[in-house]
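Enquirer: Let the sequences and hints guide you as you build the complete structure.
There are 2 protein chains.
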Amino acid sequence: MAEHTVLFDGADAPVKVPTGTLLADAARLAGVEISQPCGGQGRCGRCAVKVTSGSVRRRSSLRLSPDDVALGYALACQTVVEGNVAVEVPPQERIERHLTMDRVAAEVRVPAGYSYAQHQSIQRYSVRLRPPSMDDQTDDWSRLQTALRQASGRSDFSVSLPLLRRLGEVLRAGDWQATAVLDISSWAFCQDCPARLVDLRPGLAEEDEPLWGVAVDIGTTTVSVWLVDLVSGAVQAQTAEYNRQIARGEDVISRIIYAGKSGGDAELQGLVVGTINDLIAAACKRVRIEPRDIVKATVAGNSTMIHLLLGIPAASIRLAPFVTAINEVPAFRGADIGLAIHPEGTVDCLPGVASYVGADISAGVLSSGMDDDAQLTLFLDVGTNGETVLGSSEWLVTCACSAGPAFEGAGVQHGMRATSGAIEEVWVNGATFEPSYRVIGHVKPRGLCGSGLISLLAELFLTGVIDKGGNIHLDLPTPRVRSGEHGPEYVVAWADETERGEDIVFTHVDIDNLLRAKAAIYAGFTVLADGVGVPLEAVERVLIGGSFGKYINVEKAVQIGLLPDMPWERFQFLGNTSVLGAYRALLDRDARSRVQDIASRMTYIELSADNRFYEAFTSALFLPHTDESRFPSVMAGMA
Amino acid sequence: MAEHTVLFDGADAPVKVPTGTLLADAARLAGVEISQPCGGQGRCGRCAVKVTSGSVRRRSSLRLSPDDVALGYALACQTVVEGNVAVEVPPQERIERHLTMDRVAAEVRVPAGYSYAQHQSIQRYSVRLRPPSMDDQTDDWSRLQTALRQASGRSDFSVSLPLLRRLGEVLRAGDWQATAVLDISSWAFCQDCPARLVDLRPGLAEEDEPLWGVAVDIGTTTVSVWLVDLVSGAVQAQTAEYNRQIARGEDVISRIIYAGKSGGDAELQGLVVGTINDLIAAACKRVRIEPRDIVKATVAGNSTMIHLLLGIPAASIRLAPFVTAINEVPAFRGADIGLAIHPEGTVDCLPGVASYVGADISAGVLSSGMDDDAQLTLFLDVGTNGETVLGSSEWLVTCACSAGPAFEGAGVQHGMRATSGAIEEVWVNGATFEPSYRVIGHVKPRGLCGSGLISLLAELFLTGVIDKGGNIHLDLPTPRVRSGEHGPEYVVAWADETERGEDIVFTHVDIDNLLRAKAAIYAGFTVLADGVGVPLEAVERVLIGGSFGKYINVEKAVQIGLLPDMPWERFQFLGNTSVLGAYRALLDRDARSRVQDIASRMTYIELSADNRFYEAFTSALFLPHTDESRFPSVMAGMA
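In order, the protein sequence lines correspond to chains A and B.
Quick note on numbering: the first sequence equals residues 1 to 639 in my numbering.
Quick note on numbering: the second sequence equals residues 1001 to 1639 in my numbering.
None of these hints come from the bench; they were simulated from the model.
All residues carry an ideal CB built from backbone N, CA and C; glycine is no exception.
There could be a bad hint or two in this list.
Cβ-to-Cβ under 8 Å is the rule here; a few derived chain B residues that face chain A [stated by the list, open to error]:
no., residue
1, R1128
2, P1132
3, E1169
4, T1324
5, N1327
Here are the simulated lysine to any residue pairs, SDA-like style, with alpha carbons at most 25 Å apart [stated by the list, open to error]:
no., chain 1, residue 1, chain 2, residue 2
6, A, K261, B, K1261
7, B, K1050, B, L1007
8, B, K1261, A, A117
9, A, K261, B, R1166
10, A, K444, A, D475
11, B, K1261, A, L161
12, B, K1261, A, R166
13, A, K261, B, V1170
14, B, K1261, A, R318
15, A, K261, B, R1201
16, A, K261, B, W1176
17, A, K261, B, T1146
18, A, K261, B, S1160
19, B, K1261, A, R165
20, A, K261, B, P1162
21, A, K261, B, L1007
22, B, K1261, A, K444
23, B, K1261, A, E169
24, A, K285, A, P343
25, B, K1261, A, G411
Expert: Shown next as structure tokens:
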């Protein structure tokens, strides 16, 4: 058998190994540490290395994208040597970042062909006015309008009282040279509608001087703000933090109930506005501008979040027949809502479709591009509510199902949000049933977040710790399984490893909750596909959006039957598609019209009134599914 | 000589008198008291009686309109008997009311042909909505819009955030029947502009149920509010009181200076808004509605008053080149300004022309109808500023001159505003030089208001107490003329007749101030006429507007050279033309467009930059004028 040299970049010298040797084994020979939390089963992707030269054969590339493979990435536990090779071992953090962040960063590129003058609904005009004299006593506002007519070619302009109050001072301070910021968004649809004066500043502006906007995504859990230079289109700062409304309820339903109490509406409005304002302030600090310099905010979020932002009662969202007060929100001004941008700055809330398919989904579809693609695409936003869109450039159908808060870590004994101390990924050794795990923030674990729970459920199923009904096998030869206070449970971490000094366990009740959550989501998109007569296998792409989707391990999600069993290449993580869609709509009037078009094109299917949904849900309450033929790869892996 | 019987309605029996006997003398014979304050000189009009049958000859009908004469009114001191006659002696109050109030009351008739559906910019639609169901989960706002589209035939509607917040509750409270109030003023000029939702109320409204609006005139001195049912067009209540800004300056210039101080803008804004709100509250109380029921306010006032109402700095009005911040004010909402009408109620400030020709004049011209009449008309608004408009349906020119506050009673030793205790009319006996006077409120006199001052100046001139230069003849055989602390003076009331127990005098300095005031106004319209090459005699009508104009005694104003010397019939008092114009514009979209048209048609002539004005002013500083040929009737009366 031929021998080859393998040179690891961290090693002193190459090692010699025969053809067919696993890279993982070669590394051990070379004394190079490669983490293999799943025990070398090719499931965790943590042993990814980069083959910089030479020939290898990949038995499996799960968790790697075609791009990754093209760049030379390979799983050390699944890749064998076939010639002399050189291998780079990325630091653990770099792999994690690569897997979770790189794709998101790539999405923040300025859209190709973006032209401020052509696409932006906020336009700036620097004008020189003829000063008034005894021969020309025209009033200030008419004088400015005349100059704006010449500069913009439009005839009519609207102005607020606060701006009128500053008008004379600004014109004189700039010695009759001034820069007007106009919102021309009405121009697209109304020839005679006035353009709105948003700001007037003394003096002239440089052509390429930035003009500031923000894209905002209000998630039930996390709020994200992107600070954007509307002239160049570039994202100049990104900030995110938990939605402070969390203190008044973890999910939308509890927030709606809270908002219905006396003063609750105003309190929740204040909390989310406070969250956004602090994020804006932090972003502005980085770029050294004032929040007041921001003249436009484009906002996405689910329907409840948008109602609560605007202080509009959301009660009807929660009760049958589940209607919103408003889906297509007109433009307001910063001052109307209390946003700490320019008081006259436009606040544009993107349109939603229904009570449980909101602007976050319209924005998500926009940023996914599925509405403009002939491929049949399934778009999923997995969270407390699983929103699903199926379709293509031809048609779009959508539904939402209440998955419950299990994926957010709630309703689970040791569940928690994806914050420091959360176990976000787990691997279970098939022989010893011993787990290993990764904790957010590299601290002692405090609990399990959504991705950790999915990961744990899949591992326990694949290693036979639980059966397809979710029942824990208490007769296994390991102290990890036992009867606890709440019935059978699996010990993920012993007390001495944990922050609180108590065992972190995963109980039968937790498993039931997760099964219901995943069954709801799976049932959602199967009913959607059935409803339009499209077999699930015909889906050419599965796009996973939402900030939670960013952290899901696809193969584990497939293994528990949350996602459909399809080749890896068809899955694509899009990160926070909501904020990305808001960013696109913020920049480009055409994109903004497209979101409108998407919202009106999406046919909403109400699942709560659909018996097929209940049947599909019941069938999906097993691991991975009652109908095993739907999950051939999972069943093959178990055989 | 033939004898005739004269029967007075208050007398026991007729008296017999020869042909040519004055009615005044016949009355004395019959024992009927007829007041003759001017001593029977035919100047005061106080001896007006009504000849109900029989033949008389009027030597003079000064102070009576052709309508009055047609009704039988005659001056007892100027009318001689030519046959058997019957005479009614109206109570004194009725004469006064007739002379000052009747014409005003007549102006408040609903304009002929007014049709709410056709003319009103506020329209009400009662709609029945299909309730939402699991089969129709349309959002509330779309559901309402669909119904409004069907009801109104328009496609687009705008809505404020506060209304959106109440939307769901209102629709459900009315069990999906609701009444929407829309501002459709944009429909006239913009096909695609949205109609604005002003209010939404649960349930259906009756066709003829009132819909409330107010017409507001903000005078520098007096604020007037008319509460109007927009459906019937009827004025249901009128209230007026002093502008509380008076405490911060009597005239516009001192108010602008005050507004320029720190916080002055906001304070003056608060004062006038407070004045209006109290007037609105008082009017609403009479009709038993809430101020919140008012959905539209149309506001007229001079440019400074409009700026101060809106809190817009007015400094540039005062300083060369005298420009306003804004002449054509866009519509705002009650809440923007702090008006206590419906917070979404439209506030429509009528357009002005220049710093000193404001919306009060545009509104005045509208209500005068001169812009739609072929007759050459001179429109005068006499007050602190004398605004003049000259023209016809063909053309309109306008100017303003600063008369100073003398006509408002300021800058005069015993001057005061036209309030209780003010001497408003004076007659001086040509033989004894003794005055008699009428006091507002039938109390002891405290001073002289503008009309009293004009009256006094005319009487003193006609009776020879002063010469044409305004100098007092101290050598007359009466204790009424004397040298006082401030030079020569005339005693109008002795200390024991007055409220304060001190003589009320009219000094040489007062006379000079009045001469400057009247000269400015006279010079204004003569320069205007000269400027367009029209002789003053060609003027077919002189319309006197403004709340002050209502109380001016025309013949006395002619005698001092304030008004041009023309036949009585050409003069017409229009009362408060500003509030009347606001009322018309409030009711009728076409009238509103016409005000706009008037404001843009009026060519403004700036007098402060015009040498001709200074010359005309100097010539007019005499009684009645340097050029006596301009005042033939006055000179004839003196001969």
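Enquirer: So, for every hint listed, does it hold in this structure?
Expert: Structure-based check of all given hints:
1. R1128: Since the shortest Cβ distance to chain A is 17 Å, the answer is violated.
2. P1132: It holds, given that the least Cβ distance between B:P1132 and chain A is near 5 Å, below 8 Å.
3. E1169: This hint holds: B:E1169 lies near chain A, its Cβ roughly 7 Å from the closest one there, short of 8 Å.
4. T1324: 4 Å, holds
5. N1327: This interface hint holds because 5 Å falls under the 8 Å limit.
6. A:K261 x B:K1261: 46 Å, violated
7. B:K1050 x B:L1007: 12 Å, holds
8. B:K1261 x A:A117: Violated. B:K1261 to A:A117 sits at ~42 Å, over the 25 Å cutoff.
9. A:K261 x B:R1166: 16 Å, holds
10. A:K444 x A:D475: Violated, because 29 Å separates the two Cα atoms, which is more than 25 Å.
11. B:K1261 x A:L161: 20 Å, holds
12. B:K1261 x A:R166: Holds, because 16 Å separates the two Cα atoms, which is no more than 25 Å.
13. A:K261 x B:V1170: It holds: about 18 Å lies between the C-alpha atoms, which stays within 25 Å.
14. B:K1261 x A:R318: Cα-Cα ~54 Å, so violated.
15. A:K261 x B:R1201: 23 Å, holds
16. A:K261 x B:W1176: 24 Å, holds
17. A:K261 x B:T1146: 31 Å, violated
18. A:K261 x B:S1160: Distance ~23 Å between A:K261 and B:S1160 Cα, so the pair holds.
19. B:K1261 x A:R165: Since the Cα atoms of B:K1261 and A:R165 sit roughly 15 Å apart, the hinted pair holds (cutoff 25 Å).
20. A:K261 x B:P1162: Holds: A:K261 and B:P1162 sit about 18 Å apart, inside 25 Å.
21. A:K261 x B:L1007: 82 Å, violated
22. B:K1261 x A:K444: Violated, at roughly 64 Å.
23. B:K1261 x A:E169: Roughly 15 Å separates the two Cα atoms, so the pair holds.
24. A:K285 x A:P343: Holds: A:K285 and A:P343 sit about 19 Å apart, inside 25 Å.
25. B:K1261 x A:G411: 62 Å, violated
Comparing the model with each earlier hint shows violations of hints 1, 6, 8, 10, 14, 17, 21, 22 and 25; every other hint is respected.
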